[in-house]
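Student: Throw the hints in and build the complete structure from the sequences for me.
Number of protein chains: 2
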Amino acid sequence: MKQIMLTISYDGTHYYGWQKQDGLPTIQAELEKACKRLFGHEVSIKGSGRTDAGVHARGQCASLKVNTPIPVEKMPRSLNNILPKDIVVLDAKLVGEGFHPQYLAKKKTYIYKVINSKYPVPQLWNYTYFVYTPLDIEAMSQGARHFVGTHDFKAFCSSKNTKKDTIRSIYSFKIKQDGDIITFEVCGNGFLHNMVRIMVGTLIEVGKGDMKPDDIRQIILSKNRLKAGITVPASGLTMYRVEY
Amino acid sequence: MKQIMLTISYDGTHYYGWQKQDGLPTIQAELEKACKRLFGHEVSIKGSGRTDAGVHARGQCASLKVNTPIPVEKMPRSLNNILPKDIVVLDAKLVGEGFHPQYLAKKKTYIYKVINSKYPVPQLWNYTYFVYTPLDIEAMSQGARHFVGTHDFKAFCSSKNTKKDTIRSIYSFKIKQDGDIITFEVCGNGFLHNMVRIMVGTLIEVGKGDMKPDDIRQIILSKNRLKAGITVPASGLTMYRVEY
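Going down the list, the protein sequences come from chains B and D.
If you're matching positions, the first sequence starts at -1 in this note's numbering and goes up one per residue.
If you're matching positions, the second sequence starts at -1 in this note's numbering and goes up one per residue.
Simulated from the structure, these hints should not be mistaken for laboratory data.
Possibly wrong hints are sitting among the right ones.
What the hints assert, rightly or not - Keeping only pairs whose Cα atoms sit at most 25 Å apart, straight-line, the calculated DSS-like set for lysine-lysine is: (1) K206/D / K72/B; (2) K105/D / K158/D; (3) K206/D / K83/B; (4) K206/D / K116/B; (5) K111/B / K18/D; (6) K174/B / K111/D; (7) K31/B / K206/D; (8) K174/B / K174/D.
Tutor: Take a look at the structure:
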């Protein structure tokens, strides 16, 4: 058996997220189906982390064990010929037997896109979050600096979070503006359920002037989900990169 | 009755084009339905030109006559509250009684987006055309210069073209690259059916090295559709701007 790591890009709009669920279309299920067809045996795929319904990926990583004479460099194109067109394998490589895409991930980067304009852009509904109120980029950038470091992010995870340990390290949090599009880019050692979406939702409160940049620090310390902002929609979120 | 000009943006993915067709979802039909609900009477909407199924718009212009006390500056938001979310009215203004959005258009600008990379980008399927072979931007720009000017574009229109006069003026044709995305921007006094898509399809042949830039001149002179390249897919095309 060879252990393979795949890098995968997908449009999450029409899927119920990464993880297999009985009878529902998910990314993991589509990949396992395509692998079974290509390799001729059942394949179990492990992802670097789950993505929720409607969340996209540019660099999701996943591993699988296969018994096949197909050379690894031919796998992306062969899988893409079978997969639905909103899932694209960008890379495949051989990895050691001990590789685990979730436990060995050192850094993960997510991006979140907001369209900040008078009217929405119809082509971007599934890929951005539309905010009408003008946002103060400088204030949001100041607020974002409070996230950087090692903190207990209990205030920034959904009530569905099942992880006991809510301490995570954020390495960087950048906010860029290009015309009407604002991109939030956050890199850390791991993220709790809905953590990126709640962090962005809170920064948007800062951007609107409804919170001050330094309030972020108090919210982190409070460990109280109710103090933070809304969970912004899944559509704006992309799992951008996983580093090992 | 007031005569109003609307500027409209839409995602054409889920529509059978601009023009009303019995029982099929079209942009014109959705706009007329929304106007009827807002203004309380039947409204007939004239566009600056048709767009085919799957083609998008950022600045389609259209006119309508209404009998309403609603101030014109409130109309975009009121219509957007009724319209499906993939159609957005960006502007409404009062125009003179003699205004005609098609006959009085002086310049139209279309953009066409190509994604030129090893693998497609799943989020961009409905908004770009994916080309695997690396394209030579300089050669395509040289080829595009031959389109500028007043020519008989018979070789660059579909067999469904119903217009007798196939002479059009192209004012500019620019090609820009931003990472993997190549944007073709063409401005002219009007376009024949499929003209932009066939011009881009022919330039892509030049970009691949299958035609020379100067071949474009010969194809124009031939007036023969069979000499030109393919009609590239509707998904990459956006009606960008109409000037009066």
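Student: State for each hint whether it applies.
Tutor: Results for each hint:
1. About 24 Å separates the Cα atoms of K206/D and K72/B, which keeps this hinted pair within 25 Å; it holds.
2. For the given pair, K105/D sits about 23 Å from K158/D by alpha-carbon distance, which is consistent with the 25 Å threshold.
3. For the given pair, K206/D sits about 24 Å from K83/B by alpha-carbon distance, which is consistent with the 25 Å threshold.
4. Under the criterion of a C-alpha separation no larger than 25 Å, the hint pairing K206/D with K116/B is inconsistent with the structure, at around 40 Å.
5. Of the supplied pair hints, the one linking K111/B and K18/D is violated, its CA atoms being roughly 34 Å apart against a limit of 25 Å.
6. With a C-alpha separation of about 23 Å, the suggested pair K174/B and K111/D falls inside the 25 Å cut-off, and the hint holds.
7. Between K31/B and K206/D, the direct Cα distance comes to roughly 35 Å. Violation of the 25 Å bound is thereby established for this hinted pair.
8. For the hint pairing K174/B with K174/D, the CA-to-CA distance comes to about 22 Å; that is within 25 Å, so the pair holds.
Of the hints listed earlier, those the structure fails to meet are numbers 4, 5 and 7, in rising order.
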